[in-house]
Amino acid sequence: MASHKILIVDDDPDLRQALRLRLRANHYETVNAVDGYSAIAQAYKEQPNLILLDLGLPAGDGFVVLDRLQRDDKLSSIPVVVLTARDPQGNEQRALQAGAAAFFQKPADNAELLDVIRATLSQADAGLPS
Amino acid sequence: MSETSNRVLLIEDNPGDADLVRLRLVESKPTVDVSCVRRLSEGLASLSENPPSVILLDLNLPDSQGAETFRKLLEKAPGVPIVILSGQNDEALAVKALHQGVQDYLVKGAITTGELDRAMRYAVERQALQRTLEMSRKQQLEFKNQFLSHVSHELRTPLTCIHQYVSILLDGLAGDMTIEQREHLGTVLKSVNQLGAMVRDLLEGSRAESGKLRIERRCVSIAELIRLAVAMMQATAREKGVGMEIGVDNTLPFVHGDPDRILEVLINLLDNAIKFTPADGAVTVQACQVPTDSDFVCVSVVDTGCGIKPEARALIFERLYQDPNAVDNNRKGLGLGLFIAKELVRLHGGRMWVASEPGSGSTFSFTLPFYSLAKLLAPVITQENRLRDAIVLVRMDLRPRSKPPRGNWKETCQRSLEILERCVYLDKDLVLPPMSRSGPEQTFFVVASTDLNRAEIMMTRIRGQIGNLAELSANGEFEISAVPVPLPDPSAGHSLPQQVQEVADRVTEMAHATLSCS
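Heads up: the sequence lines are chains A and B, in that order. Sequential numbering of the first sequence, starting at 3, is according to my numbering. Sequential numbering of the second sequence, starting at 1085, is according to my numbering.
No wet-lab data here; the hints were simulated from the structure. Beta carbons are placed, not taken as given, at the ideal position from N, Cα and C, and that holds for glycine. Take these hints with a grain of salt, some might be off.
Per the computed footprint, the stretches of chain A lying under chain B, defined by three or more beta-carbons under 8 Å from a beta-carbon of chain B, are [to be verified]:
hint : segment
1    : 12–23
2    : 79–89
Only pairs whose alpha carbons sit at most 30 Å apart, straight line, appear in this in silico DSBU-like list of lysine-lysine [to be verified]:
hint : chain 1 : residue 1 : chain 2 : residue 2
3    : A       : K76       : B       : K1494
4    : B       : K1494     : A       : K7
5    : B       : K1160     : B       : K1512
Just some of the chain B residues that point at chain A, by a computed CB distance under 10 Å [claimed, not checked]:
hint : residue
6    : S1236
7    : T1244
8    : S1251
9    : N1492
Given these sequences and hints, build the entire structure.
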């Protein structure tokens, strides 16, 4: 099976690079986006298997992105895992309601994050909408 | 008289006194609007429709006397200034009234028109000032919370970067490393994790202070939580050469609490205990029923460490307290851990304390309420000292449409439970704490003080609201049904608590029966 493609959306270049290294080491292909606007553009262009999404973003924060993804038939089936520095109280529930498959607060445990990414991808592969 | 005190509510049962006061008020200011009632109940009733700018209050009324009179009024209308016009000069009562929030205490026969006028004006101004102060205190607290929330967010971003790159190096993703390099990086990672915990405590401590910590109670096994906490701390203890033991009665009933938060409290106490215990010492966790109160479990974390001086014992739960004699090779932290832990225990209805002798270790203890269905049910299924006429058990089943469930199924169940909680009447229905089940299916129960016909109305309401939950209809299905709970025979002559217990036992039986056959 071809490797899964993950879109990393984060405005911090160092963190994007770190996530890229980590995901590639786990045999995922990665593409990047630096803000809300380019997240949607990249999602269209690259059709990733999963989006790793920060919430605090310039040009349309993570909730705007989640909303746009949900409303777009071409994008709504892409599962989203939120990885944010924001407080879970007040944000976790909201993100899950907005369609995210999982929520992690930074700094997240890598093993846990990778487990959830793996499980979410295998669910999506089985043809189940997230 | 200032404009602000233009509407006066006079609560006075003596018509002569009432007329006199009214006359004086009109004399000072002809446009004053005085409404006069003779009973406290009438006064209380008039407050809700049109609150006055000031209340003049006689204490001895036909339906209420003394301190009780102003207490009820303060409770109903905390924002309206109250001036007591009493027949007696009772200094002790006057002080008590002022302490509880009454603005002034005047003796009827001893005041002039000017004095009454002034007292009312000052009462209105003082009340306004107090309100402003209180608001500014709340604003400050709110500002602090927002600030800390912002700070912790900003701190987390660089922290995450350090965490990520250090773990990339440690996991060998950037090439091989020598053992020494790995050790050093291990220390960096440990420090980063400590820093992360501090950032978290900063926000939690601020929440604890402003009463914004939240707990979600369930029916949980305290013995299991203790075993889990000890397992989680085992590595830290082993590293320091400290032994860990568990002395827990396995037959302990379940407690009514938030499992994540209780675990947090336990981890905090264990972490402290290990920190202050020298190598070859031991930390023991015990749990047993509180001897003097069978409704509570007492959990103790006993260490063989350096102990705590009596003067420090009084301060140890204070915010930002740090032991000045803490061994210097131990990091001190923010001094918020015990403060947060104590607040979490308090939110559960328990208490936390410490006993210690310098040199011979410390024992930190806290209590938590046992889960008692009868106790939760009592206020709901009784009315005027007897059982209600009809009680039904409503059951809602949530099933995911696929295995494993799609989306965040746990979260979907939680949201359904919240909707369920909003659909019931708090004074006569009780949503039972969720029971842990092995599979993804979730069943929630509601004990409702109603008959089947009215339960049907409630279920229609629940069906409508749960049906709107998109994530549930996308990933699963739900079913809701109700059965009557047989009530104890009133001719058996059992006391009310016994009857409540019988209902609780039946509900438990019915819930377990439906769960085991599904």
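Here is how each hint holds up against the structure:
Residues of the segment 12–23 of chain A with a Cβ under 8 Å from some Cβ of chain B number 6, which satisfies the need for three, so the listed coverage holds. Figure legend: the segment 79–89 of chain A, annotated as covered by chain B; annotation consistent (3 residues with Cβ-Cβ distances under 8 Å, at least 3 required). With a C-alpha separation of about 27 Å, the suggested pairing of K76(A) with K1494(B) holds against the 30 Å cut-off. Simply put, K1494(B) and K7(A) have alpha-carbon atoms about 27 Å apart, close enough for the 30 Å limit, and the pair holds.
Among the hinted pairs, K1160(B) with K1512(B) is consistent with the structure: their alpha-carbon atoms are about 24 Å apart, no more than 30 Å. At a threshold of 10 Å, the smallest CB-CB gap from S1236(B) to chain A is about 7 Å, leaving the interface hint in force. Against a cut-off of 10 Å between C-beta atoms, the interface hint on T1244(B) holds, since the closest Cβ of chain A lies about 4 Å away. With a least beta-carbon distance of about 6 Å to chain A, the hint placing S1251(B) at the interface is held under the 10 Å criterion.
Taking 10 Å as the C-beta contact cut-off toward chain A, the hint placing N1492(B) at the interface holds, the least distance being around 5 Å.
Going through the hint list in order, the structure satisfies each hint without exception.
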